[in-house]
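> Below, each chain spelled out in residue letters.
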Amino acid sequence: MGDIWSFLLQTLTATGAAALLLILKALLRDKLSPRWQFAVWGVLAAVLLFPAGQGGRYVLFPWPTLVEALRSACTGSFDTLTRISVPVPLLPASTETIPGFLYLLYWCVGVILFVQGIVDYARLRMALGHANPVPGDQVQAVADRYHLPACPAVEIPGLSTAFVCGIVRPVLVLPASRPTDDKVILHELLHLKYKDAVWGMLISVLRCIHWCNPLLWYCAARARNDLESLCDQRVLERLEGEDRREYGRILLNMADEKYGCVPGTSSIANGGKNIGRRIEAIARFRLYPQGMGLVSWCVAIILLVPLLTGLKPQTVWETQEPHLQFASARTTYCSTAAGAIDTYAKSILTGKTNYRAMCAPLSEMNALAGLEAGESWLGEDGRWLENVNFYEPYQIWNYARSGDGYECLVAFIPAKPPAGYEWDGTTSGRWLLVQHVQAYSEQGRWVVQPMGALELVHGDQRDGVNLGLPAWQYTGDCGDFRVNYYYQNKAVTPRTGNASLFGMQPAFSTVPEPDLLYDSLDQHTVTLVEAEYIGTPEDQAKYETIGIAMPPIWDADEDCEDLNWTTREAYLNWNTREVYWDESPIFLYGEGGGMWEPDELPDHLEANFCINGGDPIPMELLPTEEGSQYEY
Amino acid sequence: MNTDRASIRTGLTYAAWGYLFLHVNVNIGSISILPDFVGDLMLICAINYLSAMRRDLALLKPLLTLMAVWHGIQWLPVLGDHVNIPFLDILFYAVAIYFHFQFFTDMAALAADLQPPEAHLDRTMLHFRTLYALLYTAWHLLQYGNPILMRYREVLAWVMIGGTILWVLVAIALMVSLFSLRNAVCDAPAEQTLELPPKE
Numbered sequence: 001m002g003d004i005w006s007f008l009l010q011t012l013t014a015t016g017a018a019a020l021l022l023i024l025k026a027l028l029r030d031k032l033s034p035r036w037q038f039a040v041w042g043v044l045a046a047v048l049l050f051p052a053g054q055g056g057r058y059v060l061f062p063w064p065t066l067v068e069a070l071r072s073a074c075t076g077s078f079d080t081l082t083r084i085s086v087p088v089p090l091l092p093a094s095t096e097t098i099p100g101f102l103y104l105l106y107w108c109v110g111v112i113l114f115v116q117g118i119v120d121y122a123r124l125r126m127a128l129g130h131a132n133p134v135p136g137d138q139v140q141a142v143a144d145r146y147h148l149p150a151c152p153a154v155e156i157p158g159l160s161t162a163f164v165c166g167i168v169r170p171v172l173v174l175p176a177s178r179p180t181d182d183k184v185i186l187h188e189l190l191h192l193k194y195k196d197a198v199w200g201m202l203i204s205v206l207r208c209i210h211w212c213n214p215l216l217w218y219c220a221a222r223a224r225n226d227l228e229s230l231c232d233q234r235v236l237e238r239l240e241g242e243d244r245r246e247y248g249r250i251l252l253n254m255a256d257e258k259y260g261c262v263p264g265t266s267s268i269a270n271g272g273k274n275i276g277r278r279i280e281a282i283a284r285f286r287l288y289p290q291g292m293g294l295v296s297w298c299v300a301i302i303l304l305v306p307l308l309t310g311l312k313p314q315t316v317w318e319t320q321e322p323h324l325q326f327a328s329a330r331t332t333y334c335s336t337a338a339g340a341i342d343t344y345a346k347s348i349l350t351g352k353t354n355y356r357a358m359c360a361p362l363s364e365m366n367a368l369a370g371l372e373a374g375e376s377w378l379g380e381d382g383r384w385l386e387n388v389n390f391y392e393p394y395q396i397w398n399y400a401r402s403g404d405g406y407e408c409l410v411a412f413i414p415a416k417p418p419a420g421y422e423w424d425g426t427t428s429g430r431w432l433l434v435q436h437v438q439a440y441s442e443q444g445r446w447v448v449q450p451m452g453a454l455e456l457v458h459g460d461q462r463d464g465v466n467l468g469l470p471a472w473q474y475t476g477d478c479g480d481f482r483v484n485y486y487y488q489n490k491a492v493t494p495r496t497g498n499a500s501l502f503g504m505q506p507a508f509s510t511v512p513e514p515d516l517l518y519d520s521l522d523q524h525t526v527t528l529v530e531a532e533y534i535g536t537p538e539d540q541a542k543y544e545t546i547g548i549a550m551p552p553i554w555d556a557d558e559d560c561e562d563l564n565w566t567t568r569e570a571y572l573n574w575n576t577r578e579v580y581w582d583e584s585p586i587f588l589y590g591e592g593g594g595m596w597e598p599d600e601l602p603d604h605l606e607a608n609f610c611i612n613g614g615d616p617i618p619m620e621l622l623p624t625e626e627g628s629q630y631e632y
Numbered sequence: 001m002n003t004d005r006a007s008i009r010t011g012l013t014y015a016a017w018g019y020l021f022l023h024v025n026v027n028i029g030s031i032s033i034l035p036d037f038v039g040d041l042m043l044i045c046a047i048n049y050l051s052a053m054r055r056d057l058a059l060l061k062p063l064l065t066l067m068a069v070w071h072g073i074q075w076l077p078v079l080g081d082h083v084n085i086p087f088l089d090i091l092f093y094a095v096a097i098y099f100h101f102q103f104f105t106d107m108a109a110l111a112a113d114l115q116p117p118e119a120h121l122d123r124t125m126l127h128f129r130t131l132y133a134l135l136y137t138a139w140h141l142l143q144y145g146n147p148i149l150m151r152y153r154e155v156l157a158w159v160m161i162g163g164t165i166l167w168v169l170v171a172i173a174l175m176v177s178l179f180s181l182r183n184a185v186c187d188a189p190a191e192q193t194l195e196l197p198p199k200e
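Note that the protein sequences, when read in sequence, are chains A and B.
Residues in the first sequence are numbered consecutively from 1, following our numbering.
Residues in the second sequence are numbered consecutively from 1, following our numbering.
Here chain A stands alone, though its shape is the one from the complex (with noise of 0.2 Å):
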């Protein structure tokens, strides 16, 4: 925590458990024991010291919106979002702004509390060691008698009641005005032996740095008071008949004392509202219900991990509150790239500036916030999409790994072609609106950077193949033919989602889904050979049939030795085919495709080319050095 804004992203997210858990706590008050009374707290410590807002997930509540929301309302800057490295306060950066001055302030009261608490420890501890020592007979024949360790014992002239003092080199601290009864000694020695002092060492760090959440403080009042009550539970098992009943009596003869709690110490006496809950647990010692370990465990559990683990937010709030819409969207994080480019295809679709926010880089953000109400983040490429249809699933072509992200075409269709451009009406012609756009992680969301502008592009649609959109290109020569190798993917929604009553639904929507796997998308690997003459003219008349076989590009490692790969998948073999020449040099021998993709592209593509019936002539194909699967 290193700004007011993280902290109080780290202290609501901690509200909000520490509510449920009171809410918990008070309906199982009377059905679970002070084991798990106690214990439960330890999720509560378990979300205080876990970072809030991980991924851009919240808590019970969406913290991380209205924390982004206020702060952006306060700061007027949208390119920051709040993180939590570590859950404890951190020097203040800067103490110019008056965020910052107050996180100063939070910070400074923080390590008072804390030096204060580390000042009174170390008081006492100099005290004790003035203190006369206790002849441990009395110490040593409860220790003896309960089978529990023993500690020196020191006694204290005007102390209302005994306690136990330390972790490492545990004291026990008895008032020498009077007696201590062998059940308080019994007490204290439960607290030595399980070192509840540890535990109300971490209750007072943790409440040093949320020292100024009021429901906290509550909770570690309440967590130190079930700790005592866990403690008397420890007592009374040992105990029997009148003993637990003396026991009782003792405590209620406390309920007037003054309580004084120092870090690393415990007490039997913690106040007078503390010790009157704690009868109440005694009263019901006996009424637990039996053999509830295993549901003990359940219940804490089914709380732990989804307060740990918290929620992503799913779709923007649509809210007339700036600040609080743009929150929304800049905290609902895209988790995989195919989602951040789906809700970046979704916001050109729509046009809506949050959709955009929800996947556009941190330092875009003051940018698109600046718009007016209304006006499109797309701006003169905006212009494009009148024709184009909402329903009609976007397109992603040549989808690859670049770097530490992605990069990729996304293409939409128009319904009918733009002012002033001509189609012919068939689906392999129809015009696409095409943009090459990059996909990378950023603090922990993915974000999608356009790398040129929407354009549009005109179609030339083949089996699978779009000879209108560039293609990964491989080629090499053999005597008069060059062979041209392209390779594409493609990857568009499903056309068909839920079953219902009403038959298949669409399952195109318009609503970003930052979580979508690029692998739940329809995908196809497309591939496309052709043949281009480079002999003389007067020899082309000669070739009449050309035959090329190669492995599909996927599984470019395979051998080529045979030209008939006879047991192979049809797609893997281009048998000998007639060349039918027209005013071209160019021969579209065949196309493919599957539905896999290779993990790598290969540095080359091994094939055997046959001319007219001739023996294979073994080839390699090369990457082409010019141009690139994104330039059109």
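Simulated from the structure, these hints should not be mistaken for lab results.
Owing to the predicted nature of the structure, the values given are computational and were not obtained by experimental measurement.
Ideal placement from N, C-alpha and C gives every residue a C-beta, glycine not left out.
Be a bit skeptical, because a hint or two may be false.
Said to hold, decoys possible - Output of the computed footprint for chain B on chain A, the stretches with three or more beta carbons under 8 Å from beta carbons of chain B:
no. : segment
1   : 19-31
2   : 304-311
As the list claims (entries may be wrong) - Straight-line Cα separation of at most 20 Å, EDC-like style, residue types lysine to aspartate or glutamate; simulated pairs:
no. : chain 1 : residue 1 : chain 2 : residue 2
3   : A       : Lys352    : A       : Glu392
4   : A       : Lys416    : A       : Asp381
5   : A       : Lys352    : A       : Glu513
6   : A       : Lys25     : B       : Glu154
7   : A       : Lys542    : A       : Asp615
8   : A       : Lys312    : B       : Asp89
9   : A       : Lys312    : B       : Glu118
10  : B       : Lys61     : A       : Asp30
11  : A       : Lys25     : B       : Asp56
12  : A       : Lys312    : A       : Glu280
13  : A       : Lys416    : A       : Glu455
14  : A       : Lys542    : A       : Asp480
15  : A       : Lys25     : A       : Glu372
Said to hold, decoys possible - Derived DEER-like restraints, expressed as beta-carbon distance ranges:
no. : chain 1 : residue 1 : chain 2 : residue 2 : range
16  : A       : Glu392    : B       : Leu169    : 17 to 23 Å
17  : A       : Pro418    : B       : Leu169    : 17 to 23 Å
18  : B       : Val155    : A       : Leu294    : 50 to 56 Å
19  : A       : Asp599    : B       : Val24     : 41 to 47 Å
20  : B       : Leu169    : A       : Val115    : 58 to 64 Å
Following the hints, put chain B in place on chain A, whose structure we already have.
Using the frame of chain A, we list chain B on its own:
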């Protein structure tokens, strides 16, 4: 003191059918025709009939009433799709797991008192109760862990389907054991009286 045999039989019948409503959902459109809150109300009736035999059962009534209200709100078609409050969801998951565990602990104790000497309904109930609690916990953990383990989402989806089926089967087994206990009570010789267990 003799306990009314008919009351016990009626209570056990309510309890068994209550579990059916809680664990089997049949929907028409988005409306459940076996709503959970009806199951809760039937279990409240069961507790009313059986709490004379098991004092601990009465402790569960406030929890069950809250669960019935929550399930009722979720069932309302007007609110159903909009009532998604993680705070209350988690709270009621925790309450529900406690409730089911304690309820069958009490039912097993009741079975131990009422079943014929050679029967082991109490042990059967305890075994299925433990399995139910573990499955309930595991299922909800997977539900929350699923988005984090996105890479294994498909595998987890199958695990959750399998877990759900197993969970429902265990719930049905518990339901069957309640019916068996009811039948055992009905089949007991007429001269046999049912005694309240001694007060603790």
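> Look at each hint and say if it fits the structure.
Tested hints:
Requiring three or more residues with a Cβ within less than 8 Å of a Cβ of chain B, the coverage given for the segment 19-31 of chain A holds, as 8 such residues are present. Restraint check on the segment 304-311 of chain A versus chain B: 5 residues with Cβ-Cβ distances below 8 Å, three needed, restraint holds. For a cut-off of 20 Å, the pair hint linking Lys352 of chain A to Glu392 of chain A stands: about 17 Å separates their Cα positions. Simply put, Lys416 of chain A and Asp381 of chain A have alpha-carbon atoms about 17 Å apart, close enough for the 20 Å limit, and the pair holds.
For a cut-off of 20 Å, the pair hint linking Lys352 of chain A to Glu513 of chain A stands: about 14 Å separates their Cα positions. Of the supplied pair hints, the one linking Lys25 of chain A and Glu154 of chain B is violated, its CA atoms being roughly 36 Å apart against a limit of 20 Å. Only pairs whose Cα atoms come within 20 Å are accepted, and Lys542 of chain A paired with Asp615 of chain A is accepted, the gap being roughly 17 Å. This hinted pair checks out: Lys312 of chain A and Asp89 of chain B have alpha carbons roughly 15 Å apart, not beyond 20 Å.
The straight-line distance between the Cα atoms of Lys312 of chain A and Glu118 of chain B is roughly 53 Å, outside the 20 Å bound, and the hint therefore fails. With a C-alpha separation of about 13 Å, the suggested pair Lys61 of chain B and Asp30 of chain A falls inside the 20 Å cut-off, and the hint holds. For the hint pairing Lys25 of chain A with Asp56 of chain B, the CA-to-CA distance comes to about 18 Å; that is within 20 Å, so the pair holds. Of the supplied pair hints, the one linking Lys312 of chain A and Glu280 of chain A is violated, its CA atoms being roughly 41 Å apart against a limit of 20 Å.
Our distance criterion of 20 Å between C-alpha atoms is met by Lys416 of chain A and Glu455 of chain A, whose separation comes to about 15 Å. Between Lys542 of chain A and Asp480 of chain A the CA atoms are separated by roughly 11 Å; this keeps the pair inside 20 Å, and the hint holds. This hinted pair does not check out: Lys25 of chain A and Glu372 of chain A have alpha carbons roughly 49 Å apart, beyond 20 Å. Taking 17 to 23 Å as the suggested C-beta distance range, the pair Glu392 of chain A and Leu169 of chain B does not conform, at roughly 44 Å.
A beta carbon spacing of about 59 Å between Pro418 of chain A and Leu169 of chain B contradicts the range 17 to 23 Å that was offered as a hint. As the Cβ distance of Val155 of chain B to Leu294 of chain A is approximately 27 Å, the hint placing it in 50 to 56 Å is violated. At roughly 46 Å, the beta-carbon separation of Asp599 of chain A and Val24 of chain B lies within the given 41 to 47 Å, and the hint holds. For the pair Leu169 of chain B and Val115 of chain A, the supplied restraint of 58 to 64 Å holds, since their beta-carbon distance comes to about 59 Å.
In this structure, the hints that do not hold are numbers 6, 9, 12, 15, 16, 17 and 18, in rising order.
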